[in-house]
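Protein chains in written order, with the UniProt record's numbering: chain G, 1 to 250; chain H, 1 to 250.
Hints were generated in silico from the structure; no laboratory data involved.
Hints are not guaranteed to be accurate.
Which copy is meant is left open, because identical chains are indistinguishable; a pair holds if it fits in one copy or across any two.
[Unchecked claim] Once the Cα atoms are required to be at most 25 Å apart in a straight line, the calculated DSS-like pairs of lysine-lysine come out as:
#	residue 1	residue 2
1	K225	K38
2	K63	K196
3	K196	K46
4	K4	K153
5	K205	K22
6	K63	K2
7	K63	K157
Since the model is a prediction, treat every value here as computed from it, not as a measurement.
Here is what each chain is made of, one letter per residue.
There are 2 protein chains.
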Amino acid sequence: MKLKVFADRKSQPSRAVILFCKVNGIDFEEIKVDLMQKKQFSPEFKEINPMGKVPAIVDGRFKLFESHAILIYLACAFPGVADHWYPADLFKRAKIHSVLDWHHSYLRRGSVGIVLNGKLGPALGLPLNPQAAAEAEKLLSSSLSKIESVWLKGSGKFLLGSNQPSIADISLVCELMQLEILDDKDRNRLLGPHKKVQQWIESTKKATRPHFDEVHKTLYEAKEKLQKQSPVGEDSGMKSSLKTPLHSKM
Amino acid sequence: MKLKVFADRKSQPSRAVILFCKVNGIDFEEIKVDLMQKKQFSPEFKEINPMGKVPAIVDGRFKLFESHAILIYLACAFPGVADHWYPADLFKRAKIHSVLDWHHSYLRRGSVGIVLNGKLGPALGLPLNPQAAAEAEKLLSSSLSKIESVWLKGSGKFLLGSNQPSIADISLVCELMQLEILDDKDRNRLLGPHKKVQQWIESTKKATRPHFDEVHKTLYEAKEKLQKQSPVGEDSGMKSSLKTPLHSKM
Numbered sequence: 001m002k003l004k005v006f007a008d009r010k011s012q013p014s015r016a017v018i019l020f021c022k023v024n025g026i027d028f029e030e031i032k033v034d035l036m037q038k039k040q041f042s043p044e045f046k047e048i049n050p051m052g053k054v055p056a057i058v059d060g061r062f063k064l065f066e067s068h069a070i071l072i073y074l075a076c077a078f079p080g081v082a083d084h085w086y087p088a089d090l091f092k093r094a095k096i097h098s099v100l101d102w103h104h105s106y107l108r109r110g111s112v113g114i115v116l117n118g119k120l121g122p123a124l125g126l127p128l129n130p131q132a133a134a135e136a137e138k139l140l141s142s143s144l145s146k147i148e149s150v151w152l153k154g155s156g157k158f159l160l161g162s163n164q165p166s167i168a169d170i171s172l173v174c175e176l177m178q179l180e181i182l183d184d185k186d187r188n189r190l191l192g193p194h195k196k197v198q199q200w201i202e203s204t205k206k207a208t209r210p211h212f213d214e215v216h217k218t219l220y221e222a223k224e225k226l227q228k229q230s231p232v233g234e235d236s237g238m239k240s241s242l243k244t245p246l247h248s249k250m
Numbered sequence: 001m002k003l004k005v006f007a008d009r010k011s012q013p014s015r016a017v018i019l020f021c022k023v024n025g026i027d028f029e030e031i032k033v034d035l036m037q038k039k040q041f042s043p044e045f046k047e048i049n050p051m052g053k054v055p056a057i058v059d060g061r062f063k064l065f066e067s068h069a070i071l072i073y074l075a076c077a078f079p080g081v082a083d084h085w086y087p088a089d090l091f092k093r094a095k096i097h098s099v100l101d102w103h104h105s106y107l108r109r110g111s112v113g114i115v116l117n118g119k120l121g122p123a124l125g126l127p128l129n130p131q132a133a134a135e136a137e138k139l140l141s142s143s144l145s146k147i148e149s150v151w152l153k154g155s156g157k158f159l160l161g162s163n164q165p166s167i168a169d170i171s172l173v174c175e176l177m178q179l180e181i182l183d184d185k186d187r188n189r190l191l192g193p194h195k196k197v198q199q200w201i202e203s204t205k206k207a208t209r210p211h212f213d214e215v216h217k218t219l220y221e222a223k224e225k226l227q228k229q230s231p232v233g234e235d236s237g238m239k240s241s242l243k244t245p246l247h248s249k250m
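Please construct the entire structure, taking both the sequences and the accompanying hints into account.
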């Protein structure tokens, strides 16, 4: 029976799982769980994931949720997946776990906090919260610095000094792509100072094309829609004081 | 060379790693990184973990941080560790990853938020924040419900319906033990409605004794010290409205 992936491409962990499947030629059926329609809370989906979150998978009779757990499972369960995505080597694998664990409490919290409180909230029926957005920005900025000084240390193009991407690159880059939703000036303020992060995002895009662009199409469309709703010059919920000079555009 | 564990027993993930080593007879040297003295930010410790967090390990030339990554590494690297702690079975292992990933964003955020904002803050030079404590309490309560209805579903004594504990039981129970720091009425209000959670905590204690009590001694001492500082009747930062009747004491 074909693997089923329950996801909404509006969610970054959903995109990470779909991207991983596509890049590795895993045969799967994508079943949309529409977050805008709150389908993740439907009784049908609660049978798949009682936590009411996407993504989730069903592989035969086996059900699983949490994107990192899914990525690890897929890398192990499908023999065609190349070793570099989730190396069998004990030490390399441990370091990938370390990045993935770190991601939860730092990069993801910062990224979700800023996107939700600074821009996306109203589309989901939540108010903008400039104070929460500012706190999230602080966490996100320090997380980006840590990615640069710790995880991207060395000469490799990918996390942990590797020359080939792992599931950690997929997860973290898909998270950072969510910043596309922000106004360009805000996104550039955040990513501008982090040259190495920008190069790494580009390397991950390149390594996973053409699937990367296809999987992120929904995101670019959402960005366009949001930009039309808030014309240039209109203030977002974020304190876009643009303290840091722009070095480059993403 | 002996495994080095850099930890402070005041931190719940530190206790989880130390407890795991002790229960499994792993020969290790415990090196205290005093959080009260902010030693986690010292240049010496930053050489071990540039993120400035405990626990961290050094095994020969290999350095690792993030407690879940460490627990998985230890379970794999030390042949004496019984399979039930981190089963080789692909499906069982995937479920354990799912619990551990879930823990980061739900149980841990709720638990840390309530302890820090509702009680411990001043001891660390931070103000009490009743609003943040109330938000954390909401997250913690819903996490406890999910543990009961999802992770403790079935008849097994441990998470995922198992009859033997895994690294997930160690991590989550050590997290919940931090609630000992709260005033008894607050802790009972939180845990009182969750009978199955209470039984599971007891089962995990029992399965890991006498090490469990020894490793948590620091916590009980800290609790006693805090209780002396705030005599009975004095209001903590928490809104202890005691809406829920007490079913049992922990």
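So, against the hints stated earlier in the document, which numbers end up violated here?
Failing hints: none at all.
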